Every structure is written in structure tokens, then in C-alpha cells.
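Student: The lines below spell out each chain.
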Amino acid sequence: MRTLRIVHLLYPTSAAPLSQTQALLDVQGLRVTFDTDRGPATVVHGLDLRVSAGETVAVVGESGSGKSVTALAITRLIDYAGGRITGGRIGFTDRAGVLHDLATETPEAMRRMRGPEIAMVFQEPMTSLNPVLRIGDQIAEAVMLHQGVGQAEGRAEAKRMLDRVRIPESASQLDRYPFQLSGGMRQRVMIAIALSCRPRLLIADEPTTALDVTVQAQVLRLIASLQRELEMGLIFITHDMGVVAEVADRVVVMRNGEKVEEGDVQRIFDAPEHPYTRALLAAVPLLGSLADQKLPVPFPVPDGPPPRPQDTVTDQPVLEVRDLVTRFDVRRGLFGRLVGRIHAVEGVSFDLRHGETLAVVGESGCGKSTTGRSIIRLEQPVGGTIRLAGLDVTRLNRSNEPLLRRAVQFVFQDPFASLDPRLTIGFSIAEPIHTHRLLQGPAVEQRVRELLQQVDLPVEHIWRYPHELSGGQRQRVCIARALASEPQVIIADEAVAALDVSIRAQVVNLLMDLQARLGVAFLFISHDMAVVERVAHRVAVMYLGQIVEIGPRQAVMGDPRHAYTKRLLAAVPVPDPRRRAYARDLDDSEVPSPLRAPSDMPTVAPLVQVGPDHYVARHHVGGLY
Amino acid sequence: MLVFLIRRLVGTVPVLVAVSIFVFGFVRLLPGDPARLVAGPDATAQDVAAVRIELGLDGPLLQQYVRYMGQTLRGELGRSAKTRQPVAHEIGARFMPTLWLTVAAMAWALAFGLLVGVISGVRRGRWQDHAGMVMAISGISFPSFWLGLLLIDLFSVRLGWLPTGGYGDWTHFVLPSITLGAGVAAVLARFTRSAFVEVSAEDYVRTARAKGVPERMVVWKHTLRNALIPVVTMTGLQFGFLLGGSIVVETVFSWPGLGRLLIDSVSFRDYPVIQAEILLFSLEFVLINLIVDVLYAFVNPEIRLK
Chain A
1 MRTLRIVHLL
11 YPTSAAPLSQ
21 TQALLDVQGL
31 RVTFDTDRGP
41 ATVVHGLDLR
51 VSAGETVAVV
61 GESGSGKSVT
71 ALAITRLIDY
81 AGGRITGGRI
91 GFTDRAGVLH
101 DLATETPEAM
111 RRMRGPEIAM
121 VFQEPMTSLN
131 PVLRIGDQIA
141 EAVMLHQGVG
151 QAEGRAEAKR
161 MLDRVRIPES
171 ASQLDRYPFQ
181 LSGGMRQRVM
191 IAIALSCRPR
201 LLIADEPTTA
211 LDVTVQAQVL
221 RLIASLQREL
231 EMGLIFITHD
241 MGVVAEVADR
251 VVVMRNGEKV
261 EEGDVQRIFD
271 APEHPYTRAL
281 LAAVPLLGSL
291 ADQKLPVPFP
301 VPDGPPPRPQ
311 DTVTDQPVLE
321 VRDLVTRFDV
331 RRGLFGRLVG
341 RIHAVEGVSF
351 DLRHGETLAV
361 VGESGCGKST
371 TGRSIIRLEQ
381 PVGGTIRLAG
391 LDVTRLNRSN
401 EPLLRRAVQF
411 VFQDPFASLD
421 PRLTIGFSIA
431 EPIHTHRLLQ
441 GPAVEQRVRE
451 LLQQVDLPVE
461 HIWRYPHELS
471 GGQRQRVCIA
481 RALASEPQVI
491 IADEAVAALD
501 VSIRAQVVNL
511 LMDLQARLGV
521 AFLFISHDMA
531 VVERVAHRVA
541 VMYLGQIVEI
551 GPRQAVMGDP
561 RHAYTKRLLA
571 AVPVPDPRRR
581 AYARDLDDSE
591 VPSPLRAPSD
601 MPTVAPLVQV
611 GPDHYVARHH
621 VGGLY
Chain B
1 MLVFLIRRLV
11 GTVPVLVAVS
21 IFVFGFVRLL
31 PGDPARLVAG
41 PDATAQDVAA
51 VRIELGLDGP
61 LLQQYVRYMG
71 QTLRGELGRS
81 AKTRQPVAHE
91 IGARFMPTLW
101 LTVAAMAWAL
111 AFGLLVGVIS
121 GVRRGRWQDH
131 AGMVMAISGI
141 SFPSFWLGLL
151 LIDLFSVRLG
161 WLPTGGYGDW
171 THFVLPSITL
181 GAGVAAVLAR
191 FTRSAFVEVS
201 AEDYVRTARA
211 KGVPERMVVW
221 KHTLRNALIP
231 VVTMTGLQFG
241 FLLGGSIVVE
251 TVFSWPGLGR
261 LLIDSVSFRD
271 YPVIQAEILL
281 FSLEFVLINL
291 IVDVLYAFVN
301 PEIRLK
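Line by line, the protein sequences give chains A and B.
Residues in the first sequence are numbered from 1 upward in steps of one, following the UniProt record's numbering.
Residues in the second sequence are numbered from 1 upward in steps of one, following the UniProt record's numbering.
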């Protein structure tokens, strides 16, 4: 209360002249409340936050920490999201040097500020642009609104902005619709909209989370250079400590709507004070931390015994994939003429041994998911052979299909979408047991309880429904369901990508623990190189439908031989502010499309051995390599 | 776009064939001998045979179908058993009144439904929303024959402002089109509201506000344009509903249209007219769906440009 009164003296309700020491943004004691069916729920409790011109403040926290709500409160977009500001002040000094309290500004005054004074970039580039409007018009709209210029001038400015965010052939891009652009390009358009009115404060809410790692590096670098150019204050909201180390001057760590720690970026990484900050940093997989380890090692548990290396691989292959090809025909025109093919998987070969984790890495559209889906026939491959424990399962028939369905299980990325909301957890887990007629009667329930224990969930969850569980718990349920048929292989397709860092570490450890106990083999499909370093015995790098490099994890990540592997590793943000890589040379090119004309077959050639069990493509793959 | 249109047109052919088989089979599958029914109770066996030939009910089924299709494609729909006039002539005279009634009903239903839907969507949870939705529920719940009679009682009998029925100048249109469109307006209002509320929660609406777009434009430009996409589909379906509704409304308001013609010919067992009307109604449905698909592509660039 005392501080609030002082603040009140410093900031009279009407506009005050600019003083030299004033921060661009000075949030004091911010409280944000949502009205829910069960009454008001306060999600931000008395937050203080200062940002000066040209400064980058990273706001870090896991889901539910209130970091996005804070951003919405500063822009007052919270008014339209069902929340209200129930306490505190949001001091903001505008271009003219006038101080405002954004918490009490009128909606119309706030509208005038959004754009020229404060702009936002959101997490989801795929849904943040209006699908029925041309991107040129969406940029020009902001310019015309705030600068009072006409259509022609607005359009010219839109083109200049597209150049500025380095979208090639900007003139022809103006008339395109969002669905015609890739995620990375859409995020550039979002940045162009946000910066079109030269805001003094930019709030970027997880702007790179939905992007591939090389695209993320491009967008981060773009934001940083534009920030310096325009001398903007930047609030960068993220859960990714690697990104924090890459961009921040100062760091604010939030949990459950409160600030737990604040400090200079270097200090936060070197000497975190709050236990939560320490736990957060410990859970961050650090690429290169296992560089001198041959085997994967689980995440260290605070106050636990040191983790044991994962020595579980046998010589016996359980899954042998040879020359797998999956293509999707693209038909167009009146008679559905074949105009092209998407070469999703092109000549992929690998072995997976009992107890082994083979990570398949690459960026969106590289074919890693299609490879996994083709193995269990969620997609129909057009060529190649698949052998399971010596048995040919390329062509499914009545005798080998049940074997494949039982021995190979799948865990999907989104634990929210992959459980039936109307079935209890117990029912979902029991379903494979019934389908494969493994047990009957009361033994089924006994087995479900056992499975819940295996994935460290309380057995009472058997009667719960998915919506009662958190994301991490749901993913554990999905893992239990996958284990129910006693599989030899589990294909985990980005299975930990949607989870918070600390939960992610726990689930990764669970998977490794299950492997040690049950000897199950994982095909671990992931875009996250740091997690892959933790779990994988071997790594396969996919690019444009082909494996361009495959080998022991230590060799591929420590001594990458293929240009694309190198590019991929270089783009991973390093959670160490000292190793910030502004100077890192990144190209702005996009990955070429796997869509090719029907007559234009990609070159496929056997990989060349460069080390023990380490193979690399030496032929020309796609447009780049 | 052209390819899309052509493909869509070609796609209607199997539908039309199926409809023609249904209409063809309709008379032949009915219990009893239609030729005897049409010829009347006093007809001789010779008369019945003559009627059978006139109705095209002689010879093997396949031959009958081919003959029927040939005649239909040439526009020869036979003669009405009641008036002995050519069916095409009978229908032609009634077509425009029904079309105008339907269009008038749809026009005000769309205007009213969209407006109420958007207002309810913008003011959701407040009195405007509740009022709008009470109106919508009422519109859906009132049977149209009853609503029609109430309106006649109030505006024609008590106040004497509008004619009780018949076809003529615009005053004749007011009550029938309101009666016919009430249900559709209500459905569209509810549907627009839910589409609007759904789109309001989209990320790109937030983006629009984040760049300082005035609330009026957030509603009409950013939200409604996207909410219209499902509404277009719904409007097409409702057009079909109006065609069905016109049967009741035309009877209530003695409107000289296709709906009443259908009722008359059913009570007279005028098979050639019934057959032709069913065919026409089906054609209209197919045509409306075609227009809806084209409109859908028009409002949705993702369909248009693919």
C-alpha cells in the first residue's frame, strides 16, 4: 500500500512532462483478474516491470505464469479477452513525452496508441493474420490508420516494410493471402505490421516458438536488428532460456502471476538466486552438454542420485526400413491431372535395434513425421520394405497386421487432442489390451493400474477424464496407452514438444527409464536438438524427404559432416549469454519445397560412410546441398 | 475459378440423373394403377390404355425411362390431367410469383438475420443479445400458417393496411414474405451470432485490435467477413427451406405460385404436374447449391485460388 501511495505522488493522473530518468514503460503493482464461472481469479499479482528505450527485457515463465496476460494488460487487449486490470499502474511515456497511465486510459485513447506507440507480435503466425485479406492490405491498414495517408502511400509503405523484414520479391507478395505463405514468412509479415508505425515499445509474445529452428534464428536476428534501428523498447516473452540468452538485456522470471526474480541476463544465468530460476535453468537441455558422453544420459534430478548412462542397445535389429518412399500426388484442373508430387519420404533406410533410441531430426516438411506414419501405415508408402523382428510387414495381411499394430505404438505431439475427451483415462489405456485380447476380466483393470504406476501417475486417475489432467499428465497417459500392448517399438512424434521445460525433462526421463526397464526401442521424431542429445543413441537428419546424415549421436552432433546438419546445429540458440551469436552468419533463404513436377525425380543415392556407423549423403539433395 | 465452376457443373450431372430416376420411379412405384386413377372411375379399359400411353406407362421400364428422359430434355412435360393444358405452361405461369416471394423473403431474412446476429454477437451476454435471441427462438417456433393468420388478422382485418392475400403490387408481398422469411431470419440470426462469436476469438481479430483498428472496423471488416463464410452455406440450405415453406404460405395467402399448384395437383392426383414440380424443385436445389459454392469461393480466397 505504501509504495502505491508514493507512486501516486510521482504520477499524477493527468499527463506529466518527461523527465530524463523516466523509463519508457513503468509497470507498478499490476494485478489482472479474470471473471470465471467460479468467481474472479487473479492471475497477475502485483507485478513491477520497467523497460527503457532500446532495452530488451525478457519475461520468462512456464504456462500459467501470467506472462502473456501481462502483455495483454499493457496493451489493454485484455479488455477483449475477458480480463480486467484490478490494481496497479502502467506508466508509459509517449512520443511527445507525455506520461500516461495505461491502466486507466479510455478505450479510444488506447486504440490510438496501439500501433504507433505500442505494438505486438504474437506466437501463432499461422492464425494471427486475417485469412480473407491480402497481406499488403493488412500492413497498409495500420499505416493508413495511424499516419493518415491514402491507399497508394499505404501500399508503398507496406512494400517498404516487406523489404525491411527481408521478404523476397516484396512487390508481388503484397497481393498474396496468408495461406500462401510459410509460417516463417507469415511471422515476418506480422513483424512488418507491428513495426509499420515505428512503435516505441514492441511486445513479442513467444514470436518464434511455433517456428523451425533455422527460421527462429532468422526471425530473432531480424527483431534484434530492427530494434536497434528503431531504438525500440522490447519486451520478449518466452519459455525458452536459449532464446533468452540470445536476446535479453534484462530478465524477469515469473511464476504463478508473480515475479520471482529479476536481473541482468548475465547474472541470471551465472548466479540464479531463486530456487525456481535454478530449477528452470537446470531443466533446460543444453546442447553440447553431453559432447564427451558416448551414451545418452537422463536429465539430472535435483537432490537425486546422478543419472546413469543409458546402456540399453542390443545388436539385434527390431525394425529394418529399406528404401522407404512415400509421395503425395497433387492433382489439379478439370480432370484431376497430376501436376506434381510431394516427395515426403524418398529412399529412407535405417535399422532400429532393441533398446535403442534413434532420433529423426529435421524441420517442418522434411518428412520425419511421414516416415513414422508410413511405418505404422497411417500413410501408405509407395515403395520400400519394412521388416519387424525379421518379419516382412511391407504388405499387410490378416496374419501380420495384428503383429505390427501390437508391436509398434505411437505417441503423438498433442496430448490434448490425442485422448478422447469422453472416455476415462482407464478406458483409454485398456483399449489396446481389449483390442489385442491380451487379458480378460478383472486382470485388465489390474494391468491398467500397473501401467499408471509405470508412468508415475496415481492409480486413482483410472476414473478421471482427460480434461482433469495437466498436459504433462496427459502425455503420461498416452505413454501408458502405448505401453499397454507391450510394444517393441514406440514412435514418439514430437512427444515432448508441447510441454513446459520442467515437465519436458520429467517425461524425457520417464521414457528413458521405461527403455531401461522394458528394453523398448524408440523412434524419436523431434526438431529439438538439445532434447535429442539427451535421449538418442543415434541420430538421423532428414532434409527434403531424405536422410542426409545418420550415425552415433556423438559423431553426428559433435562432428557433423553434412552442410544441412551444420546449419541446423548452428541455428540452435545457446542458453549462455556470453556465446551470443549476433555475428553468426545466417542466410534468409527458405527450405525448398518437396513439391516437384511429375517428371522431376529427386536424386537418391546411397549414403557414404565417413566414420564408424556414420553415413552422409554426398549426392545433391534439393536446392541447397 | 473457371475450372472450379466447370468441375462443379459436371458434378451436378449425377445428381440430376438420380433425381430424374426418382421422379420417374415415383409414379410407377405408387400403389394402384395411376392410369386408372387419372382416367377416372367410369373409364373403359380402352380409355385406361389410352391414358397409360399418354402418361408413358406402357412398355418395359428401361424403354419408358429413355422415352421420359427424351421428352423431359425437350421440355415436353405432358399435359395436366386436370386442365388439359401443357404442364410447362401451367408451371411457367406460376413460377415467377413463387420466385419473387422467395427472393423477397430471403432478402429481408438475410438483412434482419445478419443484423440481429452481429448485434447479438457484439453485445453477447447483454440485453441486446438476449432480446435478439428471444426473437430468434420465437421465429423458429412459430408455425408459419399460424403466424400468417395472425398477421392477416392484425394488419388486414383489424387495421386494414394490407391486402389479405392474392398477387399484385408490393403491398401484396409484405405479409407473405414476412411469414415465409421469419423462420429463416431466425435461423440466420442464430447462426450468424455463433459464427461471429467464434471468429471473435480468433487470433487475427486480436491482431486487428493490436494495430489499433477502430472497433467498428474490427466488427465489420475483420470479424464479419470471416463469419460470413459459414453463413453463406447456411443461406443456401435455407433457400431450400423457403421453397418448402412456400407451399404453406401460398395456401394461407392464396398466392398463385408453385406451392399452391403442388397442393392442388396432389389433391387432384395430377401426376404429370406433380412429377414436373418435383423435378423443378430438385433443379432449383441443385442450382442454389451451385450458386452457394461459387459464392463460397468468392468469400474464401483459399478456395478461390486453389
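One should not assume that every hint holds.
[Said to hold, decoys possible] Listed below are the simulated DMTMM-like cross-link pairs for lysine to aspartate or glutamate, each with C-alpha atoms no more than 20 Å apart in a straight line:
#1 B:Lys221 x A:Glu229
#2 B:Lys221 x A:Asp137
#3 A:Lys159 x A:Glu229
#4 B:Lys221 x B:Asp264
#5 A:Lys294 x A:Glu262
#6 B:Lys221 x B:Asp153
#7 B:Lys82 x B:Asp129
#8 A:Lys159 x A:Asp137
#9 B:Lys221 x A:Asp175
Please keep in mind that the hints were generated in silico from the structure rather than gathered at the bench.
This structure is a prediction, so every number in the text was calculated from the model and none was measured.
Student: Does each hint fit the structure? Answer for all of them.
Tutor: Okay, the hints, checked on the actual structure:
{"no.": "1", "hint": "B:Lys221 x A:Glu229", "in the structure": "violated, 33 Å"}
{"no.": "2", "hint": "B:Lys221 x A:Asp137", "in the structure": "holds, 12 Å"}
{"no.": "3", "hint": "A:Lys159 x A:Glu229", "in the structure": "holds, 18 Å"}
{"no.": "4", "hint": "B:Lys221 x B:Asp264", "in the structure": "violated, 48 Å"}
{"no.": "5", "hint": "A:Lys294 x A:Glu262", "in the structure": "violated, 37 Å"}
{"no.": "6", "hint": "B:Lys221 x B:Asp153", "in the structure": "violated, 42 Å"}
{"no.": "7", "hint": "B:Lys82 x B:Asp129", "in the structure": "violated, 52 Å"}
{"no.": "8", "hint": "A:Lys159 x A:Asp137", "in the structure": "holds, 10 Å"}
{"no.": "9", "hint": "B:Lys221 x A:Asp175", "in the structure": "holds, 18 Å"}
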